[in-house]
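S.K.: Here is what each chain is made of, one letter per residue.
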Amino acid sequence: MNGSVSQRSATGRGVRKAGFAAVAAFSVLALTLAGCSSTPASAPADAADDGTGMPSYYPSDYSSILDASKAEGGELVIYSNTDQENWAPIFRDFQKKYPWVTKISANNLESDAVFQRQLSEMATGAAPADMLISNAVQAWATYAGQADTLLDYESPELAELPDYAQLMPNVYAMSLDPIGLAYNASLMEEAPTSIAALAKIVAADPKKYQDKITTRDVNGAFGFTVSQAFTEGTASAWKSLEGILPSARPETSSGTQLEKILSGEYLAGFYISSAPGYPAEEKSGGLLKFVYPTDGTVVIGRGIGITPKAPHEATAKLFLDFVLSEDGQNAVAEGGLTSYRDSVELTEGRHTYQEIEKTAGKDAIIRVPYTVVSDADVKTFVTRWDGLLG
Amino acid sequence: MTLLSEKKVTTSARTAILPAPKYPRVFGAGRGRLLQYVVLAVLALFVVAPIVPILYQSVRDKPLYDAGGIFTAANYLKLFTDAGFGQVILNTAIFALGTTFLTLVIAIPMAVLVVRTRLPFGRLLGLSMQWPFFVSSLILGFGWITLYGPAGFVSSAVRQAIGVVPWNLYSLPGMAVTEAVGLAPIAYVFCVNALRQADASLESAAQVCGAGPLRILFTVVVPMLRPPIVYSSILVFSMSLETLSVPLLYGTPVRIQVFSTFLYTNGLQSISPDYGILGAASTLILLVTIATVVIQAKVLKNARRFVSVRGKAVRPRLLELGWIRWVAAVGIVIYVIFGALLPILGLIFRSFTLIFTPLQSPLKTLTLDNYERIFTYPVYVQSITNSLTIAAVGAVLVSSLALVAVLVARRSTFRFARAVEYLALAPQALPGIIVGIGFFWAFALLPGSLGGLIQGTLATIIIAFGLRALPTGFGSIAPAIMQIGHELDQAARTSGADWLGTFFRVLRSLLAPAFVGALILTFVTMIKEYSAALFLSSANTNVIGTTMLELWVQGNTGSVAALATLQLAITAVFVALASLFLKGRSDA
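As they're listed, the protein sequences go chains A and B.
Start counting the first sequence at 0; every next residue gets the next number (numbering that gives the first Met the number 0).
Start counting the second sequence at 0; every next residue gets the next number (numbering that gives the first Met the number 0).
These are calculated hints, taken from the structure and not from any lab test.
One should not assume that every hint holds.
[As the list claims (entries may be wrong)] Stretch-level coverage of chain A by chain B, calculated; a stretch enters the list once three of its residues show a Cβ under 8 Å from a Cβ in chain B:
(1) 181-190
(2) 345-354
[Unchecked claim] In silico lysine to aspartate or glutamate, EDC-like type, Cα no more than 20 Å apart, as pairs:
(3) B:K363 x A:E312
(4) A:K199 x A:E188
(5) A:K96 x A:D60
(6) A:K378 x B:D273
(7) B:K61 x A:D374
(8) A:K378 x B:D81
(9) A:K96 x A:E71
(10) B:K61 x A:E312
(11) B:K77 x A:D374
(12) A:K96 x A:E312
(13) A:K69 x A:E312
(14) B:K77 x A:E231
[Claimed, not checked] FRET-style restraints, in silico, Cβ to Cβ:
(15) B:I93 x A:P161: 36 to 46 Å
(16) A:D210 x B:R507: 56 to 66 Å
(17) A:L186 x B:F580: 26 to 36 Å
(18) B:L123 x A:R383: 50 to 60 Å
(19) B:S360 x A:T346: 25 to 35 Å
Please read these numbers as outputs of a predicted model, since none were measured by experiment.
Cβ coordinates follow ideal geometry from the N, Cα and C atoms, glycine included.
Just need the whole structure built from these sequences, with the hints factored in.
M.R.: What follows is the structure, given as structure tokens:
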């Protein structure tokens, strides 16, 4: 089961900055304490106040949701494929804002299991989950395409966000995570800045790069989504892939790809999730570089939606509005995911959508649409792609 | 099976007081018989509960939760017409047979050398031989890649020295070797248990007839090992059928698919997961493993040939091998160093560095960050305590159940004795993921509030992991009991003890070492297990394995190594304590 869904990931870099390298003490307690104390206090509240502590653009009856949430017992149950480290600052700030929410359980499931489990539990009658959060595009689109699978809710934050914040009816983007290219800086003389550039480098010295490039396996959901979006969004995509794939080997997780690039087993790799990509670059001391391809950087939205008959419906609404709010988006970035609200500051260790626009170029961004690709199209694509591999 | 007649059991006046209305027997059933039925029922329940939803799924065209499904054979049809499935079967056969063969090649000679001959540093070598078992194969595979992979530390060194790397880890033989190193300890432990109880009188007889030490080894000691060899090879064979980590790590880059990776990519990681195919494929594995169990039964039919613990005890003597012992010792040392020690040391070392690559001295990035990350998040810490609870509680429950099951299967006149054995070994056939999904459904379908009560608690994980560990427990106790002569039982029975009494007065202390052995094996199996938890665990019931997977996928390989090191430490402490206890008991 290893390495399945590297799309779901990232590290809370803000949380572990303590200068630990030289400390040889072994106390568990010391470690824990230091880990906690290095967490920076976060983000100011939104401005305008109308008595409920809510921004002015919120509907006037919003306080009824607050009251309903208080009556729900302070619990929230989330099924997601998002990691604890990503959640930590989000939950911290959410609970600071709504102190009566005392218990948030976030089950970390395989990307697809999120929906399988919800469907199973709805079928058996007892569905404890309030919210579903996943970046498995096909699975989300299939699930949300069925009737009565989501609660109808329009977030008041929507007006303040770019139009791509809404992925599907009732499904919103919590973060927009980019997919990039990584290479071993000590083994590659020329730095690839795009997939096309990588193809050129490979063509110049095919012997050196044979079996030394890694890509994501498109037989898996994540690899397929990314690769299909790339070929749809970039005209020269297949030309580049035809040049690279004969020298490439597929892997099933970004973590594995990065580790092997670092070890020198591969010289470069693409379709690598930024969430593990950035921390790997940071740790490598210059050995590994992670870049957004200028000829097409695929960006995947992490969908968030409320289940129908959610046991804690009002709290779920509060949470949804919160992650889309300025506070929430700051916490999203702090946790290691890529936030996209304009006002989020780009500070050390954080990543935003605006940053991708700046480094890769606005035109290079390919946002993955939340639509279902037919089985026949999947098959055609995968067959063509697999046929190119060496 | 036994000379005891049914009459003796049932005619005792005492048993008539204990009627068992549920079980229509002509004669009243004794407490022993009652227990035997309970064991049968419990095993049947545990094994059938996850299987039924899977079998059902394999003939439905839609996922089980979808109400509109109909019965169909399409899943099987699709599986067999899928292009490349023939290749998958072939790869799996090569991999599983290769692994089993290599496992035996490694385990049998070592067990014999360590236990039965005078070997320099024998005890230490014997202990270190078992190390790989304590490491999850994901970690072992990863360790091997960092050493022997295309850009591994050892490969780089060899390439510098002689220009080429003479092996290819990313191949079926490469997978089989790694998996064999990981699984050899199982076969080793089985053989060691059997050898410890070997009947010295047989060897003495051979010696009297003029056989030298080598001849005794090959004509007496090794042939007597057939029961543990058969048990462990069946266990290893089925484990390599369903193991995922190594085939996934080595096979994906070069696109070699085996059964488990086929299930993984086509079922769980797939673009549109097909649970019907998953069910059909699992059913196939089930059939294969049932076949192996049948073969095993046939091979061991004449079980009494292997009895070696008789009423009269003779202390076995160690054989003298002369200069060969040094060759043997060096061989074992090389194997232990390159197979287990280096990968494990690499792993521990990895847990203290930020990056680990032959391109840069790892000493440059020494750190405690990897451990800090684990202890910063309460969820990760909780996964450690959860694993400990599950393994401790589970090991006791499973070993006890396995012990009773062995007694019923091998030492009773119970008419369903064979069924009990099949049921206890059947979970070998169930891939962990399937067990997880199966139990998820089984709990969901429980009547009333019972399902809700148990769902999402550690109990579900204990049940699922326990089921997975049951064959291991059974397999480690069964060979031991087969070596205990029936005359001991019979003596007890003639003296008036009933079936249970025989166990408590005679067999209990003879079986204590095997029971502790089973405790150790099941504990380690359960602390390493994770695949069954993938579908069952909730936010509060994470285990070390699922957390490792989570960290691995995030690219936090250092923290994976840290967690693996912690797991290793926990296991080492447990095994050391258990061995101490075992020593105390067997000396008594």
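S.K.: Now look at each hint and say whether the structure bears it out.
M.R.: Tested hints:
1. Here's how the segment 181-190 of chain A fares: 3 of its residues keep a CB closer than 8 Å to some CB of chain B, so the rule of at least three is met and the hint holds.
2. Beta-carbon proximity to chain B at under 8 Å applies to 0 residues in the segment 345-354 of chain A; the threshold of 3 is not reached and the given coverage is violated.
3. For the hint linking B:K363 to A:E312, the alpha-carbon distance of about 51 Å lies beyond 20 Å, and the restraint is violated.
4. Restraint check for A:K199 and A:E188: the C-alpha separation of about 13 Å stays at or below 20 Å, so the hint holds.
5. Restraint check for A:K96 and A:D60: satisfied, since their Cα atoms lie roughly 18 Å apart, inside the 20 Å limit.
6. Taking the CA atoms of A:K378 and B:D273, the gap is near 14 Å; set against the 20 Å cutoff, the hint holds.
7. The suggested pairing of B:K61 with A:D374 holds, with an alpha-carbon distance near 15 Å, which does not exceed 20 Å.
8. Of the pairs offered as hints, the one joining A:K378 and B:D81 holds, with about 12 Å between alpha carbons and a cut-off of 20 Å not exceeded.
9. Only pairs whose Cα atoms come within 20 Å are accepted, and A:K96 paired with A:E71 is accepted, the gap being roughly 16 Å.
10. Annotation: proposed proximity of B:K61 to A:E312 is violated, straight-line Cα distance about 30 Å (limit 20 Å).
11. A C-alpha spacing of about 14 Å is found between B:K77 and A:D374, which places the hinted pair at or below 20 Å, so the restraint holds.
12. Between the alpha carbons of A:K96 and A:E312 the distance comes to roughly 17 Å, so the proposed pair stays at or under 20 Å and holds.
13. Of the supplied pair hints, the one linking A:K69 and A:E312 holds, its CA atoms being roughly 11 Å apart against a limit of 20 Å.
14. The hinted pair formed by B:K77 and A:E231 fails the criterion: a straight-line CA distance of about 30 Å is larger than 20 Å.
15. Distance hint for B:I93 and A:P161: a CB-CB separation of about 54 Å, inconsistent with the stated range 36 to 46 Å.
16. As the Cβ distance of A:D210 to B:R507 is approximately 59 Å, the hint placing it in 56 to 66 Å holds.
17. Restraint check, A:L186 to B:F580: a C-beta distance of roughly 52 Å breaks the suggested window 26 to 36 Å.
18. Take B:L123 and A:R383: their Cβ atoms lie about 57 Å apart, and the range 50 to 60 Å holds.
19. Checked against the hint of 25 to 35 Å, the C-beta distance between B:S360 and A:T346 comes to roughly 32 Å, which is consistent with it.
Hint violations for this structure: numbers 2, 3, 10, 14, 15 and 17, all remaining hints satisfied.
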